[in-house]
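Peer 1: In the order they appear, the protein sequences are chains A and B. Residue 8 in my numbering sits at position 8 of the first sequence; the count goes up by one each step and never skips. Residue 1343 in my numbering sits at position 343 of the second sequence; the count goes up by one each step and never skips.
Derived by calculation from the structure, the hints in this document are not laboratory data. All residues carry an ideal CB built from backbone N, CA and C; glycine is no exception. Honestly, I wouldn't trust all of these hints.
[Said to hold, decoys possible] As a list, the in silico BS3-like pairs of lysine-lysine whose alpha-carbon atoms are at most 30 Å apart:
| # | chain 1 | residue 1 | chain 2 | residue 2 |
| --- | --- | --- | --- | --- |
| 1 | A | K223 | B | K1225 |
| 2 | B | K1339 | A | K442 |
| 3 | B | K1442 | B | K1339 |
| 4 | B | K1119 | A | K442 |
| 5 | B | K1442 | A | K339 |
| 6 | B | K1339 | B | K1223 |
[Claimed, not checked] Listed next, with one range per pair, are the computed distances between beta-carbon atoms:
| # | chain 1 | residue 1 | chain 2 | residue 2 | range |
| --- | --- | --- | --- | --- | --- |
| 7 | A | G424 | B | R1160 | 25 to 31 Å |
| 8 | A | D68 | B | E1362 | 52 to 58 Å |
| 9 | B | K1225 | A | E275 | 42 to 48 Å |
| 10 | A | R385 | B | E1392 | 48 to 54 Å |
| 11 | B | R1280 | A | I278 | 50 to 56 Å |
[What the hints assert, rightly or not] Chain A stretches covered by chain B per the calculated footprint, using a threshold of three residues with CB under 8 Å from any CB of chain B:
| # | stretch |
| --- | --- |
| 12 | 21-29 |
| 13 | 199-206 |
| 14 | 418-428 |
Protein chains: 2
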Amino acid sequence: MSSDRSSSEPTVGVSVAIGELNLHAGRTVRLHGWVRNLRSSGKILFVILRDGTGEVQVVVARDEVDSDSWETAQALTYECSVMVDGLVREEARAPSGYEVTGRRLRLVGPSPDFPIQPKEHGTDFLLQNRHLWLRSRRQIAIMRVRDEVVRAIRDFFHERGYILVDTPILTGAIGESAGTLFETEYFDLGPAYLAQTGQLYLEAAAAALGKVYCFGPTFRAEKSKTRRHLAEFWMVEPEVAWLDSEGNMALQEEFVCFIVDRVLENRRGELAVLERDIERLEAVRPPFDRISYTEAVEELRRRGSEIEWGADLGAEEETLIAEGRSAPVFIYDYPREAKAFYMKESPEDPRTVKCDDLIAPEGYGEIIGGSQREDDYDRLLTRIREEGLPEEAYDWYLDLRRYGTFPHSGFGLGLERTVAWICGVPHLREAIAFPRLMTRLKP
Amino acid sequence: MSSDRSSSEPTVGVSVAIGELNLHAGRTVRLHGWVRNLRSSGKILFVILRDGTGEVQVVVARDEVDSDSWETAQALTYECSVMVDGLVREEARAPSGYEVTGRRLRLVGPSPDFPIQPKEHGTDFLLQNRHLWLRSRRQIAIMRVRDEVVRAIRDFFHERGYILVDTPILTGAIGESAGTLFETEYFDLGPAYLAQTGQLYLEAAAAALGKVYCFGPTFRAEKSKTRRHLAEFWMVEPEVAWLDSEGNMALQEEFVCFIVDRVLENRRGELAVLERDIERLEAVRPPFDRISYTEAVEELRRRGSEIEWGADLGAEEETLIAEGRSAPVFIYDYPREAKAFYMKESPEDPRTVKCDDLIAPEGYGEIIGGSQREDDYDRLLTRIREEGLPEEAYDWYLDLRRYGTFPHSGFGLGLERTVAWICGVPHLREAIAFPRLMTRLKP
């Protein structure tokens, strides 16, 4: 306990975290944590204790502890919580380099029949017990990688002078395709929709602050059961005034390399727990290949695909293009019909728009979608009408082209897809603490 | 433009941001930005140009620019966007220390009759034009303070080893009082509710990772029109294993001081724009006063209030308690009935729970609510039943007391209330880019 006023136990050593044991070698300390594993050899019990900051083996010998402690030790089970007073010893054979000789042991919370045992469990069972599954070594490693990815993302933009602008979840205007929106009654104003993107709002903010980004949850009520979809996922979206599509791709390249580098720098141990092939991540180096949509279609057809120019690229085509490439690859300038209304018409070929998708290697698919935005009032209005979108909902968005319009670009990176790729986990559901799937809303 | 491939203008100087002009004194540069203000003296036009990173005066003299540029300059209006080539000069009288002598000027986007002019506008009008209002000096300053507050919050927890765990927005189980929840249909699973807190999920994560926090949007469908309520607002919530209520208050104190210090360190200019009394912020120093609920009631009654022991404290009572205190003040150990079901029963007085509210000075009210959580299975179940909550929705939450229960505490800090207080703005609607009010969902 960080404060001892309400504790009834006398303090025999300072309370420390397992991750800091290296600072306390040779001293008696107090640990609080959960029992990860147990092994007994009659007179000695080996307890693997974890506390969120790390794991350590506590050696409890019958001859070296009081009888209460020994009795407690005999009754320990997976995931019960305990308090341990013990001596920190350097131990070269231990994964952390330290071991603790137990002096005193107290049970805090029992854990009879912890549902998740060291054996194989079905996915449904694990998801149903997600609140307990999170305690497993692998899930902890993924959560720590996710934390580092988020930190890297925020550092990247902060260091480059971007201002965070949180965009609303409850929206009247809608960014992308309707029909996959969650809807809720908003007081007396009728329905509100849960945002699929913050981009339109960010464009307004970019005219005020220059370089901005948002980073929050987004929602898709898509009836999809694939391993690459979640109903609720986090997306980071930068928006940059005076940046064109070329510069946008350069920004994305720098950004993705920065994230991967930071995980390699700070989360080696977690990647080892996940048995991630580090070399695959070390191969993520600039420059990333850039191929136009038109070139991609030609390449796909050469390789046997029957795709026609004009059709969007699906997961299958993306995987094919990424094959044989060790770094992510850009596909740029898609046909207008395949993309959202707000993308800028290409001056070189008005059938296409100035956009890009960034495809991760190893079959992880699209992790970024970006574009230069249409900054011409008339062309944007035409596109809104062509798409049959409710014009009045976009009047404020059109204002941005009415008052001091400016070339600008941005992109969205899906957090869970990026985390899944970096961790090498096949399904997005493990890349977020409490996944929301079509068939799962609990816990 | 960060890449010149699509630019039709020849480059005469490197493109730079106004905030970096100090690095380019004596050189010719290219600026992109919006016209904040204009002043003419016949043959010379003084243009205040802004680009999100700063503002600078551009001096355009008829005799020193080509005729196209002069003609363009004559037609400039508020908030039109322009490209300027010019010479950077040190100028002691300029707020930024620099001025630019214009050489060439091009209009990028006109801005006829920009709706927000340098005069008083009504609040409704400004909110309706929030996408344009954001460009004002004052709103930019608030957004930059908000950015710094968020950065400080994330740094604080990161530096102390907390792991970010993003908790779900779409939830089955509910944290606090029902009746103020936004609801949406969730596929075939019935209604989902927009989360009012991530706390319950964080408690599960704390058992896995020790020290965790979430930071995301939260929702209240409260029919309230006060200046201290938003339907959608951001909240940061740490949750700490093995921390008791005393330690929780110490953490909050350190946290709030850290945030205020960081704004004072990095956003002096913005606070000056906002005409914030810096001394009021500098007075936010530990230790904060801590008074129990019971003492608060006594103090209030001495000062004429008719409040009875047992009733919750409202905004009026909070303001009264904060009066005459220059730093925030803790009120702790409220009556059980006034608080949420998950708070730990006080061992010293079972009529109360181990919790605290932190009240900001200057009438800004509660910015933090925190508590030690009930870690006893039976007592928690009793409370869930007493409150008439759907027991089956909380089975997973009860599991945390079934398997290795542990003392733990946490709190929630409202971002907009904190930003409003630090900026000295009376209404929360200015503390977020696109406020969601009972009567406003757009833009």
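Peer 1: Now look at each hint and say whether the structure bears it out.
Peer 2: Hints and how they fare:
Of the pairs offered as hints, the one joining K223(A) and K1225(B) is violated, with about 37 Å between alpha carbons and a cut-off of 30 Å exceeded. A hinted pair counts as satisfied when its Cα atoms are at most 30 Å apart, and K1339(B) with K442(A) qualifies at roughly 25 Å. Pair hint K1442(B) plus K1339(B) does not hold up; C-alpha atoms about 34 Å apart against a cutoff of 30 Å. As the CA atoms of K1119(B) and K442(A) are separated by approximately 52 Å, the hinted pair breaks the 30 Å bound.
For the hint linking K1442(B) to K339(A), the alpha-carbon distance of about 25 Å falls within 30 Å, and the restraint holds. Distance restraint check for K1339(B) and K1223(B): the Cα-Cα separation of roughly 20 Å lies within the 30 Å cut-off, and the hinted pair is therefore satisfied. Taken as a hint, the range 25 to 31 Å holds for the pair G424(A) and R1160(B), whose Cβ atoms sit roughly 29 Å apart. The hinted range of 52 to 58 Å is satisfied by D68(A) and E1362(B), whose Cβ atoms lie roughly 54 Å apart.
In this structure the hint that K1225(B) and E275(A) lie 42 to 48 Å apart at CB is violated, the actual value being about 56 Å. As the Cβ distance of R385(A) to E1392(B) is approximately 50 Å, the hint placing it in 48 to 54 Å holds. A beta carbon spacing of about 52 Å between R1280(B) and I278(A) agrees with the range 50 to 56 Å that was offered as a hint. With 0 residues having a beta carbon nearer than 8 Å to a beta carbon of chain B, the stretch 21-29 of chain A misses the requirement of three or more and the stated coverage is violated.
By the rule of at least three residues with a Cβ nearer than 8 Å to a Cβ of chain B, the coverage given for the stretch 199-206 of chain A holds, with 4 such residues. Counting residues of the stretch 418-428 of chain A whose beta carbon lies closer than 8 Å to any beta carbon of chain B gives 0, which falls short of the minimum of three for the stated coverage.
When held up to the earlier numbered hints, the structure conflicts with 1, 3, 4, 9, 12, 14 and fits the remainder.
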